[in-house]
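Asker: So the sequence lines, in the order shown, correspond to chains A and B.
In this text, residue positions in the first sequence follow the UniProt record's numbering: the first is 1, and each later residue adds one.
In this text, residue positions in the second sequence follow the UniProt record's numbering: the first is 1, and each later residue adds one.
No lab work stands behind these hints, which were simulated from the structure alone.
It cannot be assumed that every hint is accurate.
What the hints assert, rightly or not - Simulated pairs of lysine-lysine, DSS-like, Cα-Cα distance not exceeding 27 Å:
1) B:K39 x A:K185
2) A:K160 x B:K90
3) B:K10 x A:K72
4) A:K90 x B:K72
5) A:K185 x B:K109
All values derive from a computational prediction rather than experimental measurement.
2 protein chains.
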Amino acid sequence: MEVIMNLDEKVIKEQPLYHGAILDLVLEDVLLPNGQTAKREIIHHHGAVGIIPIDATGKLIVVRQWRAPMRKETLEIPAGKIDLGETDPKAVALRELNEETGLFSPSLKPVANFYSTPGFADEYLHLYYTDNLQPVAHKRQLDPDEFLNVMHLSFSEAQKALADNEICDAKTVLALFYWEILRLKGEVTLG
Amino acid sequence: MEVIMNLDEKVIKEQPLYHGAILDLVLEDVLLPNGQTAKREIIHHHGAVGIIPIDATGKLIVVRQWRAPMRKETLEIPAGKIDLGETDPKAVALRELNEETGLFSPSLKPVANFYSTPGFADEYLHLYYTDNLQPVAHKRQLDPDEFLNVMHLSFSEAQKALADNEICDAKTVLALFYWEILRLKGEVTLG
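Throw the hints in and build the complete structure from the sequences for me.
Answerer: See the structure below:
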């Protein structure tokens, strides 16, 4: 198959279409490698964090919440947005873990960082793991528009939630795969 | 921790802000479980497919391409958008595999389906696996604005690409985790 040496697109024009609370929309005109032009619809986002928290009995802690884009409840690992100006994703992860579960971890281990959907958005997610949890001294309040229930799932309960499409988002599927790798390697309590 | 029985948000008002080629932006006013209201910025998207293709030598096939939102080249598994009206994600996966790699698989195995970023978008991705590949009889053209190079990565090369942040998107990280699970279970050729 032919190898194209230069895949870069050059931005000719940037048209901001929407500036919002959690995202911006920009329409770009770009110059393609073959000299033609194309339009790119791009969502800018400040990024996010997710935490894979395994409790002392070997269960995964998830939150049940309403998700407006799909108009349904989901089960997801604790997660949250990075606010404008925040530069330490681990601190954001500890804040979200506190707000959503009332727990603290002295040892968050980086699992992977990734763009959620690189075709149209620059949202970058920092994913951490911990099986070292303790109650926080001071529980932070959830955001005023945030409502959720905390649940602890055994491995088989989590697999059933995945099969039932209650676990249905990329970072939480990633969490289940990572958990399975740890279990296969014998590196985690078999809850 | 208090359990909230009803997490649902009721949509009071929907304001379409942008209707684009690959995404729509809608601003919703919603009624929260506590009776207050909030704004939700929502991206509607027709969904996507991804394929984890392992070649006969046990290597992962990825594509190098330019990604406008991040303005950088990435290495990703073959993938593509579901067009309006397309109802069979497996057929879309075969089309994208053909266009991007010139290969066909008689046996795509479903791995997982998930929302890419459930906080603000309804994009749903169907992920498949195959280690049963053959050249297509008739190679389809790429989209006119699509340019990419095909690469075959050993497991250790893929891990290095992840460490180097060349593999940097959720579905491809998921592909690496799934591949590792298959290897740990002895269910795949160790390339």
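Asker: Report the numbers of all earlier hints that the structure fails to satisfy, in ascending order.
Answerer: 1
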